[in-house]
Amino acid sequence: MKRFALAALALSFVILLAACGGAPVEPVRYTIDMTEYAFNPNTLEFKVGQDIEITLTNSGQLAHEIMFGRDVMKMNNRPAGFQTDLFAAGGVEPEVVMMESHDESGMDNHGEEDEMQHEGFMVLLPKGESQATMKFKVTPQMAGEWEMGCFEQDGVHYDAGMKGVVTISR
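The number in the working numbering is simply the position in the sequence shown, starting from 1, with 155 added.
Keep in mind the hints are simulated off the structure, nothing from the lab.
Among the clues, some could well be false.
[As the list claims (entries may be wrong)] Quick list of simulated restraints, FRET-style, between CB atoms:
1) 246 x 324: 10 to 20 angstroms
2) 294 x 252: 15 to 25 angstroms
3) 208 x 232: 32 to 42 angstroms
4) 229 x 284: 26 to 36 angstroms
5) 239 x 314: 19 to 29 angstroms
6) 204 x 311: 35 to 45 angstroms
7) 295 x 238: 19 to 29 angstroms
8) 324 x 226: 16 to 26 angstroms
[Claimed, not checked] Keeping only pairs whose Cα atoms sit at most 25 angstroms apart, straight-line, the calculated PhoX-like set for lysine-lysine is:
9) 202 x 282
10) 318 x 282
11) 290 x 202
12) 229 x 318
13) 290 x 318
14) 292 x 318
15) 229 x 290
The beta carbon of each residue, even a glycine, is placed where N, CA and C say it ideally should be.
All chains, full assembly: derive it from the sequences and hints.
Structure, rendered in structure tokens:
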């Protein structure tokens, strides 16, 4: 009888511990198609703790980039990137793998290949059927509402509607 009571108590303890641990957060995968002048989809939702994998495809006729941040900054009265970069704020350096051989890294932290200087992390895809995959883990510092945008051609892409919303919840 003592053994049964002890076993029942141990089983209850194990069940209680399992319930308190919570379910692991599921990884999220998105594919974003970049065209003239849109991201599809243009709304992303993440949760803190998730592993994110985003496949970026440029099916347009022009080069496109993607940046994630807040507060659009202007240069010569044109949109030129974000004041606050999502990845810098979150302490994250995304892993980017290009599917094309045009550029080995696919990332440009200073916009050197672009006509204007951009601050923050970006992935630049050359024109015509290029693809990249970026991976990162969402940190608590990233919670909130963010924006994604393409600032190519002195911000013309952004002004034409190549932007979207990223919502990160806890």
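The hints, checked one at a time:
1. 246 x 324: 10 to 20 angstroms: For residue 324 against residue 246, whose Cβ atoms are near 18 angstroms apart, the range 10 to 20 angstroms holds.
2. 294 x 252: 15 to 25 angstroms: At 21 angstroms between Cβs, range holds.
3. 208 x 232: 32 to 42 angstroms: 37 angstroms, holds
4. 229 x 284: 26 to 36 angstroms: 32 angstroms, holds
5. 239 x 314: 19 to 29 angstroms: Roughly 20 angstroms apart at Cβ, these two residues keep to the hinted range, so it holds.
6. 204 x 311: 35 to 45 angstroms: 37 angstroms, holds
7. 295 x 238: 19 to 29 angstroms: 21 angstroms, holds
8. 324 x 226: 16 to 26 angstroms: 20 angstroms, holds
9. 202 x 282: 32 angstroms, violated
10. 318 x 282: 18 angstroms, holds
11. 290 x 202: This hinted pair holds, its Cα atoms lying about 14 angstroms apart.
12. 229 x 318: Roughly 15 angstroms between the alpha carbons, so the hint for residue 229 and residue 318 holds.
13. 290 x 318: Holds, because 20 angstroms separates the two Cα atoms, which is no more than 25 angstroms.
14. 292 x 318: 22 angstroms, holds
15. 229 x 290: Distance ~28 angstroms between residue 229 and residue 290 Cα, so the pair is violated.
The structure shown violates the earlier hints numbered 9 and 15.
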